[in-house]
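4 protein chains.
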Amino acid sequence: MKNTRTDLASEAREVLQESTESTTELCGVSAEDSETEGFRVSRVRILDEEGAKTLGKPVGSYTTVELQGISRRDVDAFPRAIRAVTKELKALLPENCDCVLVAGLGNRRITPDAIGSSAISHIMVTRHLVDTLPEVFGKMRPVSAVAPGVLGMTGVESSEIIKGVIKSVSPDCIIVIDALASMRLERLCKTVQITDTGIIPGSGVGNSRSAINKKTMGIPVIAMGVPTVVNIATIIEGFAENSGIEIPKSALNDYSERLLVTPKDIDVHIADMGRILGYAINCAMHEGITIEEMDEFLS
Amino acid sequence: MKNTRTDLASEAREVLQESTESTTELCGVSAEDSETEGFRVSRVRILDEEGAKTLGKPVGSYTTVELQGISRRDVDAFPRAIRAVTKELKALLPENCDCVLVAGLGNRRITPDAIGSSAISHIMVTRHLVDTLPEVFGKMRPVSAVAPGVLGMTGVESSEIIKGVIKSVSPDCIIVIDALASMRLERLCKTVQITDTGIIPGSGVGNSRSAINKKTMGIPVIAMGVPTVVNIATIIEGFAENSGIEIPKSALNDYSERLLVTPKDIDVHIADMGRILGYAINCAMHEGITIEEMDEFLS
Amino acid sequence: MKNTRTDLASEAREVLQESTESTTELCGVSAEDSETEGFRVSRVRILDEEGAKTLGKPVGSYTTVELQGISRRDVDAFPRAIRAVTKELKALLPENCDCVLVAGLGNRRITPDAIGSSAISHIMVTRHLVDTLPEVFGKMRPVSAVAPGVLGMTGVESSEIIKGVIKSVSPDCIIVIDALASMRLERLCKTVQITDTGIIPGSGVGNSRSAINKKTMGIPVIAMGVPTVVNIATIIEGFAENSGIEIPKSALNDYSERLLVTPKDIDVHIADMGRILGYAINCAMHEGITIEEMDEFLS
Amino acid sequence: MKNTRTDLASEAREVLQESTESTTELCGVSAEDSETEGFRVSRVRILDEEGAKTLGKPVGSYTTVELQGISRRDVDAFPRAIRAVTKELKALLPENCDCVLVAGLGNRRITPDAIGSSAISHIMVTRHLVDTLPEVFGKMRPVSAVAPGVLGMTGVESSEIIKGVIKSVSPDCIIVIDALASMRLERLCKTVQITDTGIIPGSGVGNSRSAINKKTMGIPVIAMGVPTVVNIATIIEGFAENSGIEIPKSALNDYSERLLVTPKDIDVHIADMGRILGYAINCAMHEGITIEEMDEFLS
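Chains as they are written, first to last, in this note's numbering: chain E, 1 to 299; chain W, 1 to 299; chain C, 1 to 299; chain A, 1 to 299.
To be clear, the hints were calculated from the coordinates, so they are not data collected in a lab. Bear in mind the structure is a predicted one, so any value in this text is a computation, not a measurement. Don't take every hint at face value.
Since copy identity is lost for identical chains, a pair holds within one copy or between any two.
As the list claims (entries may be wrong) - Distance condition first, Cα-Cα at most 25 Å in a straight line; then the derived DSS-like pairs of lysine-lysine:
hint	residue 1	residue 2
1	Lys53	Lys215
2	Lys167	Lys215
3	Lys214	Lys87
4	Lys264	Lys53
5	Lys215	Lys90
6	Lys139	Lys249
7	Lys214	Lys53
8	Lys249	Lys87
Make a model of the complete structure from these sequences and hints.
Rendered as structure tokens:
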């Protein structure tokens with residue numbers, strides 16, 4: 001059974017277990033919950049093709065950090081969130097990942113699709129400085145960052161542009177950032193999924209279907225995503241289920257194709273989460289860097 | 001019965017008549033359908049307090065132009081749309097409306113709420129030129145334009161800012177532009193409502209509740225709005241109704257408070273409709289001006 | 001002698017003293033140099049009309065903080081710069097200045113003129129929260145913020161818009177932020193002038209000439225400015241002087257009217273200085289607030 | 001003698017002839033003046049290495065169209081300008097140039113450097129539509145468009161990104177758009193240079209020095225540029241020359257390295273010229289398309 005309504009592996013698993021009322025583990029899937037810096041962390045591993053089929057996601061590791069409290073502006077929430085995401089990102093980054101290309105996907109003109117370009121604006125780009133200013137930046141890892149834009153504005157798939165840039169830049173690894181879809185309203189804009197399986201851009205908002213992963217790119221691809229939209233069909237089905245009625249699939253699909261459901265204060269969320277993702281990537285790449293130093297480098 | 005799910009008077013009337021299966025006219029409401037430049041035009045007049053109560057909107061005139069075909073890029077669709085909106089706008093503009101202040105409401109950082117600031121960017125602002133360059137602009141009407149921003153970013157209600165600017169500029173009339181909510185998906189981003197009753201900003205996307213109308217401003221207020229969002233409760237209720245089930249109001253309200261439902265290609269729609277509104281206002285103010293002349297003035 | 005090439009009173013004084021080779025004080029002008037947080041601070045007071053005529057600026061206090069080191073990203077430079085500007089701003093803010101309106105002047109589409117709108121984006125706007133969320137914000141001062149835009153885009157002078165907003169908001173004091181002109185390249189984008197004499201917008205980049213000060217607004221006006229442009233005539237005259245030649249004034253004026261001279265990396269400077277100004281205003285208004293808390297409120 | 005102060009071949013030639021008071025042709029350079037659509041057109045051809053050395057530009061063809069009248073908003077100026085640029089662009093485009101990649105260079109955050117990204121926003125991107133909607137777009141040529149950003153924000157040279165995209169997209173030809181430097185104030189923002197020699201990005205505003213031409217890209221490169229800045233050294237030298245004095249080079253170079261000189265109303269010029277370049281490229285690629293059709297496609 002493939003679940004296309006959520007891009008979060010932990011949510012797909014959760015939904016599936018609820019629906020099967022199963023208490024035993026799913027075949028080919030391992031899962032573990034823990035806590036990092038006070039935030040709930042779920043680590044789902046899809047171990048084989050059976051697990052992949054079950055959850056409708058490729059084989060690999062999926063870590064979800066639930067950043068509850070960010071939008072309540074809890075004391076110290078930002079630094080803690082950055083530390084938590086940094087830690088989980090480092091756990092999935094390949095060894096010897098020295099030179100990294102960060103790609104911010106999505107359309108910056110559509111607010112819930114702008115998470116990639118928001119995150120990119122917080123990346124400390126160092127690739128061009130490492131050589132030209134070795135006395136200052138010589139110890140930093142070379143990081144570069146691109147925002148490939150969307151098919152409708154460029155005429156080129158994001159995956160094609162990134163593939164091209166890889167040929168020029170020869171990074172060891174790519175980190176791609178994109179908007180995702182979730183089935184749970186309470187997770188919208190409050191959750192980060194980090195996975196070593198790459199991404200099919202546009203699951204969240206857009207429509208592109210060209211994968212960016214190790215197979216297509218030739219190097220490891222870490223995808224970081226934030227659910228910023230929920231499929232309207234999910235909400236309607238929830239109501240229908242509670243009322244014990246059947247909904248014609250076709251009507252739901254039509255809505256899902258055409259409509260975007262997102263929080264009302266999406267602009268604030270995008271700014272918040274973009275900064276957290278960008279700063280976490282900086283921390284993962286540049287050992288020991290502080291928030292203050294990033295503020296100064298980036299402002 | 002007040003219908004808060006649609007900001008369109010013609011739609012409120014339509015929904016009401018459907019629900020009452022009434023073929024007779026509603027008390028205190030007159031309505032007329034016609035065609036302008038090939039587009040369907042509805043003119044609803046709320047004649048008295050009974051009509052106002054029935055439709056949940058203030059007494060006054062509401063004209064709706066349905067710009068079907070814009071997004072299909074029909075031949076000549078833009079010039080026709082501009083002509084149609086111009087004509088209907090002129091029919092509602094007060095006589096002797098020489099000096100006009102145009103106010104683009106909403107939050108330009110949230111795409112479906114950016115229609116006001118999009119329209120403003122297409123307004124030919126002439127107030128400062130009429131006096132300083134009388135040989136070129138002396139025959140034009142003085143038009144000024146402001147984007148008051150949103151409460152969360154300024155700390156001041158849009159209505160307060162506009163009231164202040166009126167004191168400085170002393171216009172004869174205000175035209176305010178804002179995003180609206182509709183109950184019909186097929187009207188989203190394809191319809192313009194023009195009314196002489198002013199507006200309560202943020203019905204569509206935001207939350208502000210301070211009216212901008214003749215009573216609060218002291219001068220006539222024409223409001224032009226485009227539905228860019230649909231209330232999620234509307235969609236769910238539609239399903240529920242078809243299935244003959246009851247939905248708890250509280251759950252719906254909670255969703256409606258927190259979520260925004262909008263078309264997936266909202267950025268293109270906002271650009272399209274913003275240009276049509278802006279150009280129609282220019283045509284209404286500056287007799288005989290051509291699209292080409294506006295392009296040159298504004299580009 | 002009026003010096004129109006610099007908006008900095010300390011620079012006007014310096015230039016004048018150089019040219020007169022005077023070691024004695026100018027009549028009607030007092031000046032004092034000191035250091036705050038490691039940055040050089042000049043405090044010039046124009047005491048009477050004679051001093052005003054001499055320096056070509058209105059009677060009042062002018063504090064200049066020279067933020068050398070920001071663009072070299074010195075350790076701790078940002079927090080120190082924010083503390084220094086906060087301290088000097090507080091020294092000029094009137095007593096009992098409870099409710100403040102911050103106005104960011106200039107044209108955000110022209111990079112060196114965007115300092116006002118950059119600073120505004122870093123202001124913690126609280127006016128609407130103090131009443132609605134008293135349990136959280138009740139102890140904060142009510143701050144509001146507007147970006148009035150420029151005459152060419154609105155048709156209304158910035159001073160007229162601000163005057164209008166004052167009538168609606170009734171602040172105790174206004175803080176206006178704008179780009180300035182300097183005569184010294186080494187001060188460009190590295191200096192903040194704070195004055196209690198208000199401002200004539202557009203001295204730096206624009207052309208508007210309508211003053212915003214206590215006399216025109218009816219309440220105290222603190223102006224904060226950053227020199228982001230240098231008059232090209234200044235540079236040419238410098239060369240001419242060194243070579244002992246005469247330059248026809250008319251040619252210089254023509255250039256000055258039409259051209260803008262600004263640093264090549266102006267975008268980075270505007271972002272840096274906008275953040276410093278915004279954060280310093282926040283610190284001056286909200287006693288004890290930390291950079292981290294501002295980051296969280298604003299991100 | 002290499003002239004690095006102007007990126008316009010016609011201007012380099014003009015300056016050289018003035019300085020040598022020569023009436024005969026320069027060796028290895030042919031030049032011809034004519035008129036297209038009422039605008040002055042200069043066609044300079046650098047025929048051999050001697051000509052290249054003389055003018056300090058590579059061998060190839062350079063066409064300059066002087067769009068005087070645009071900023072005076074002369075009647076019909078825009079459509080005429082678009083037709084003139086289209087005609088000259090088509091004259092330089094290689095035969096059988098079916099699939100084109102347009103690259104908008106420069107930094108959109110610095111107004112005079114934003115001409116490339118402004119032009120890109122007016123390009124009709126069709127590459128992805130030709131195949132997916134053949135019934136509508138099947139007869140159009142496949143056009144794609146990228147804005148590679150600047151080295152400081154991406155860590156990657158524009159030339160590297162474009163080279164990568166070429167590998168993915170396989171265009172027949174590239175059109176690159178960038179800001180240039182001119183020596184004549186009266187040409188700033190009023191002139192388009194089209195050349196088949198490609199470009200070294202950042203001559204105008206930026207600092208990158210990695211060429212984009214047929215040799216580095218492997219396919220023909222047409223460069224379209226608009227002078228948006230003037231070197232301050234040029235202005236000072238002009239004054240010096242008139243006064244018969246010597247200027248130390250080092251001082252001039254230091255200024256030139258650090259400062260940007262641009263018209264005060266640069267934002268309007270960038271919008272104007274970006275639209276003209278974009279529309280001219282559309283007209284050159286899509287035979288018979290009208291301004292109205294482009295407005296509708298792009299708005």
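Hint check:
{"no.": "1", "hint": "Lys53 x Lys215", "result": "within (18 Å within a copy, 49 Å between copies)"}
{"no.": "2", "hint": "Lys167 x Lys215", "result": "both (15 Å within a copy, 18 Å between copies)"}
{"no.": "3", "hint": "Lys214 x Lys87", "result": "within (22 Å within a copy, 46 Å between copies)"}
{"no.": "4", "hint": "Lys264 x Lys53", "result": "neither (35 Å within a copy, 29 Å between copies)"}
{"no.": "5", "hint": "Lys215 x Lys90", "result": "within (21 Å within a copy, 41 Å between copies)"}
{"no.": "6", "hint": "Lys139 x Lys249", "result": "neither (56 Å within a copy, 37 Å between copies)"}
{"no.": "7", "hint": "Lys214 x Lys53", "result": "within (19 Å within a copy, 48 Å between copies)"}
{"no.": "8", "hint": "Lys249 x Lys87", "result": "neither (41 Å within a copy, 43 Å between copies)"}
Consistency with the previously given hints fails for numbers 4, 6 and 8, ordered from lowest to highest.
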